[in-house]
Every structure is written in C-alpha cells, then in structure tokens.
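What follows is the residue order along each chain.
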Amino acid sequence: MEPGDSTKQARAAAQLRKGVLEYCVLALMRDRPRYGVELLHALEESGALATSQGTVYPLLSRLRRDDLVTTSWQESASGPPRRYYALTDSGRAALDEFTRVWPGFRNAVDAFLTTPHPPTGEIV
Amino acid sequence: MKTSASLVRDYLSAVEREASALPADRRQELLADLTEHIEVTRAERPDAAIGEVLAELGDPRTIAATALAEAGNGVGGAPARSDAGAPARSGKVHPLVPLLMLTLSMPFMMVFTDQPGQLVGVLFRLAGAVLLCTSAHWTPVRKTSGVLLAAVLPSVVIGTWNLSSGGPDAGAPALLANLAMFAVMAGTAVWLWRVRRA
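Order-wise, the sequence lines are chains A and B.
No gaps in the numbering here: position 75 of the first sequence is 75 in our numbering, and each next residue is one more.
Every number in our numbering is 1000 more than the matching position in the second sequence, counting from 1.
What the hints contain is simulated information worked out from the structure, not anything from laboratory work.
Among the hints, a few may not be true.
Said to hold, decoys possible - Not the full set, but computed from the structure, chain A residues with beta-carbon under 7 Å of chain B:
#: 1; residue: 53
#: 2; residue: 54
#: 3; residue: 61
#: 4; residue: 62
#: 5; residue: 78
#: 6; residue: 80
Where a beta carbon is used, it is the ideal one built from N, C-alpha and C, also for glycine.
Full structure from sequences and hints, please.
Shown next as structure tokens:
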C-alpha cells in the first residue's frame, strides 16, 4: 500500500459524499424535523460527511423543490426563528429505497476492495 | 477593522456575484438560507468570531458552484442546455402539460358540445400541439407523429363527421367514434410520455 496523494484521497471522499449526502440528510430527518444549523452539526460530527457548510443549503433547496422535504418556521427561545426541514411521504420513500439498496452496494464495494489480487508490477 | 455586519455583507455579495448565473429566485433563496444560517449560528455561539462562522460556511465560489449544479439537476430539462440562455426557455414546460392538453381537449369537447365549448376545446388542442412542438423532450419525428395522431387526425375525423351527419351529438355511433378517437389520442399521449427525453 502506498500512502497516497492527499488531494486524491480528498477527491475520492468528495465523490462518495456527493452520492450519499442527500440520503444522510434525509436520514437525519427520519425521526423529527431539524433545522439547517442542526443538520450541519450532525454532518460535521460524523467526520466523513463533513463538508463546506454552505454547500448543504443548495442541496436542501433541491430536496424541497423535489418535494422530498417540506419546511416550516418555528420560533426559538434563543435567537431568530428556525426553518425546520421535515420528510414528506416521497422523501421517506426515497430514504427507504436507499436504505434497501445500500447494504448490497456497500458489500459489493467491500468485496472488490478485500478480494486478494495476484501481485503485479514487481516482475516487469 | 471591518465590522462584522460589513464582513457578512461582503460575504453575501460575493455569493450573489458568484451565483449570478442562477435564476433570481434561486439566488435569493440561497442568500436567505445563508443569512439565516449566519444569524442562527451567531445566536447559538455568541463567542464565535464572525470570520470563523463565515469560514465554516465555506468559499462563496464553492457554494455558488454547488447551487448551479443542483439547479441543473432540478430543472428536469436538459442541464447541458441551461447555459444556452433564452433559447432553452421554450423547452421548460413540463412534458405532461402538452400531453394532457391534447388528450383532455377531447373529453372536454364531448362534455361541452355547445359553441363556446367547442371553440375552447379546439384552442386547447392547438395550444397543446404548439407546446408539444416547442418542447425539448421529444425528437422532431416524434413531435410530428404526436401532432398528427393526437391533434390533426381527431380534428379532421371529427370535423368530417360533424359536417356529414349534422352535429357533434348524433347518438350512439358518434359517441363510439368519439371514444375511439379519445383512445387513439390517449394512446399517443402515453407513447409520447414513455419516449420523452429526461
């Protein structure tokens, strides 16, 4: 194993994140509505899904346009009112579908990554 | 030394500048979301420096680029064309609109058989045909087939029928013929829906 170029690692992580971020955001709303800053904190704490915070808002905006989430304003004890994001029925359906396909996807990738390959490159 | 208000203003105007290719309503929405984020964060972490809050929010260019990419996904039309400016507008109508207009003109005319009803139905059908032709969702060949089958054919058949037998409500044979025509139009609409481009 080579240590690998850190920008390339960052690119792989960014590609992966692009694919799964919206489902993780939907999953965060599974049990209760959340407001933007709250969603961002949860993503941040996950480590791997931490992203430039501002880029999550265009994603939330698309989820709203695609009718996967709805929003409502709620007053807060401290500071300005928060815009809460909640799953719609189709948002929940999209999340369920992702939850269904993800294990197969994860296992397939794991299988590719862990299958031993004959050593190459040494004998050339 | 800049005040935090002016730092926020500079940041937001940088986002606005970078996002100038976004439709105005999307851009305003993005700016409102970011403004809210900054206000909420400052209320929750009063000790955090504004520079830190903005740095966590990220590079305005990255945010604008993400917003543009998301807008491309969401329009449902052709993202590749979205940078073509005005000409792309004509194809922005949802593909269901012309199909429904074409198909529904028929039952509409069957229900409203008096004069304004017939005229409105024909206009509806014409508008549907025009929208179909200007849509970005079909190839020219499919548009032509669609207009022929769902607009021209029924109009010709019904027109001929009405001229030869004295009116749209001429009893059971007319009803059957109308229903057959409706089936052809609905079938055409379903076919167009299936073969539409995303």
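Hints, one by one, checked against the model:
{"no.": "1", "hint": "53", "result": "holds, 5 Å"}
{"no.": "2", "hint": "54", "result": "holds, 4 Å"}
{"no.": "3", "hint": "61", "result": "holds, 6 Å"}
{"no.": "4", "hint": "62", "result": "holds, 4 Å"}
{"no.": "5", "hint": "78", "result": "holds, 5 Å"}
{"no.": "6", "hint": "80", "result": "holds, 5 Å"}
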